[in-house]
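Undergrad: We have chain A; now place chains B, C and D onto it with these hints.
Residue numbers (numbering that gives the first Met the number 0), protein chains in the order written: chain A, 0 to 163; chain B, 0 to 163; chain C, 0 to 163; chain D, 0 to 163.
Since the hints were derived computationally from the structure, they do not count as laboratory data.
Be aware that one or more of the hints could be misleading.
BS3-like, lysine-lysine: derived pairs with alpha carbons at most 25 Å apart [said to hold, decoys possible]:
1) C:76 - D:122
2) A:76 - B:76
3) D:76 - C:76
Okay, here's what each chain looks like letter by letter:
Number of protein chains: 4
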Amino acid sequence: MSMQYLHPITTDGLRRAGITAPWGFGIADRVRFGELDALGHVNNTAYLRWFENLRLPYLAARHVTDDSPNSPRLVLKRTSCDYMAEMFGGMDYIVTGRTRAFRATSFTMEFGVFLPNHDGPAKQMAAGEAILVLLSPTGDGRYPIPALSRDAFIAEDGALAERA
Amino acid sequence: MSMQYLHPITTDGLRRAGITAPWGFGIADRVRFGELDALGHVNNTAYLRWFENLRLPYLAARHVTDDSPNSPRLVLKRTSCDYMAEMFGGMDYIVTGRTRAFRATSFTMEFGVFLPNHDGPAKQMAAGEAILVLLSPTGDGRYPIPALSRDAFIAEDGALAERA
Amino acid sequence: MSMQYLHPITTDGLRRAGITAPWGFGIADRVRFGELDALGHVNNTAYLRWFENLRLPYLAARHVTDDSPNSPRLVLKRTSCDYMAEMFGGMDYIVTGRTRAFRATSFTMEFGVFLPNHDGPAKQMAAGEAILVLLSPTGDGRYPIPALSRDAFIAEDGALAERA
Amino acid sequence: MSMQYLHPITTDGLRRAGITAPWGFGIADRVRFGELDALGHVNNTAYLRWFENLRLPYLAARHVTDDSPNSPRLVLKRTSCDYMAEMFGGMDYIVTGRTRAFRATSFTMEFGVFLPNHDGPAKQMAAGEAILVLLSPTGDGRYPIPALSRDAFIAEDGALAERA
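So here's chain A without its partners, still in its complex pose:
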């Protein structure tokens, strides 16, 4: 089995790796030695790094942020992670991310970590969530989620528009 590492994988690629709806955006990577702890498995903090690594290309793909100075500031209000199975050195995994719900200036992402499987359903190893808030580029106030992003959250991720 061959994988395209580090580049965003969209719906078709995820389905071929055994990852079902609603996931439509993922990145394949491999566990590093430095992500293991003294217990010999992936440390609990490494998963949050993976979610962080996914957020950057995801937010660019959904037109939320880019590298320009006019780009809104992104603030993390809350993170959580459920550890569903131990992970070990050298494992190939796909981390997935989508926006589950959004309001005017904030949104809730959810994440998955899967062992890809080309002959059946991928095994889920972890599940995460993050609540993010957009601030103005200068940081002095809330910033509305761009219309293009709201449309993409709904069309690509099946996100729910909540009232604030």
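TA: Using the frame of chain A, we list chains B, C and D on its own:
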């Protein structure tokens, strides 16, 4: 103001630093350069490291684990963190931890991160939670929380005994 | 330009990316957000992680270590890194490694970090070295470099056999 | 034995901990769980973090850099570390630093990691070096080491003034 870093601080010390009940166990530390990210503030994953650093002396103090081969294995099922205010390089903080509730073989810890204040209430910067499960030393089954630990959870932390 | 990430690249692939002899083993990867520090560039410690990530597949490819309990223990005696140019978030790089010289139970590896270039010479961003010592699986004495590894060091890396 | 963690220790304190000349600046800290790797000992990259943690208060104490926008930029050109003995979780250590030699715009620091000993010589666990270059605050040229810093390098550290 002088602080005793890295050694557990118990109730009196926490109260002097402006940290109120129910907290009765904390550790003072200082933000490291390596805990900052490219945005110049403490990265979201660093807080989980702080909770991890606190767990080890906390679990020894509550007689849950020690370094012996007969000590139960500790498995993290879930973590979460609420980020309440940005933190920056060189900040002195106290991370606190307590068990909020426990069942036969699992328990829920909660954590706080505070800026100590000797003239008023400490400012809380973050709040976290973790669900932990005890396994037998060989990992082949659940392991009951020791009676001594259950007593300490109740007496020291005001923990709630839940039915499984 | 397309790259095969995370899998070992051998001589032909390196040459196509503008990396010249004596390099014959490399791995392509990408700078992560968590490898940047508060100065906005890759932190000095990240390069040592990259060398570490390369060492594991390299040492397997040269038949020095595998995952078996009879595999010798590897001890790092010394590391160094020259930082030749700043690196930034999202950069694609190839880290290369080879054994430069070996004695009976120890060897010296060198490492490079390059920006791949399909139209000319790759730009070198960093250079590193590490001195490694083999110990017996139980750790109670030096362990001779296997003959197969010595042969591979010479044939694949052009390593120099030094007298102890 | 009681230690003052995280605050700079100067000559008298180091001598009481068994650390001899030429060391005159150190910081006491403790090995964290997250600094251990899957081999159960302190990972090779953690030592470079410790040297980094020491550099910031050291450079302020020697008047090289402060937090002002007029402060020169500091660029790391080279780092190295000799690993002299394995280190493990929970160990209390003192990391020391001094400038060994300096030129017009660059200087060489050396570092030590010691297990403090109040009844004899401290055991040295690691030794490091770093070459640092000062750039102008805007980064567009070399920046001369301030006279105050040169004097402090000589007086406090016994540094050697080299010709460029």
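Undergrad: List, from low to high, the hint numbers that the structure doesn't satisfy.
TA: none
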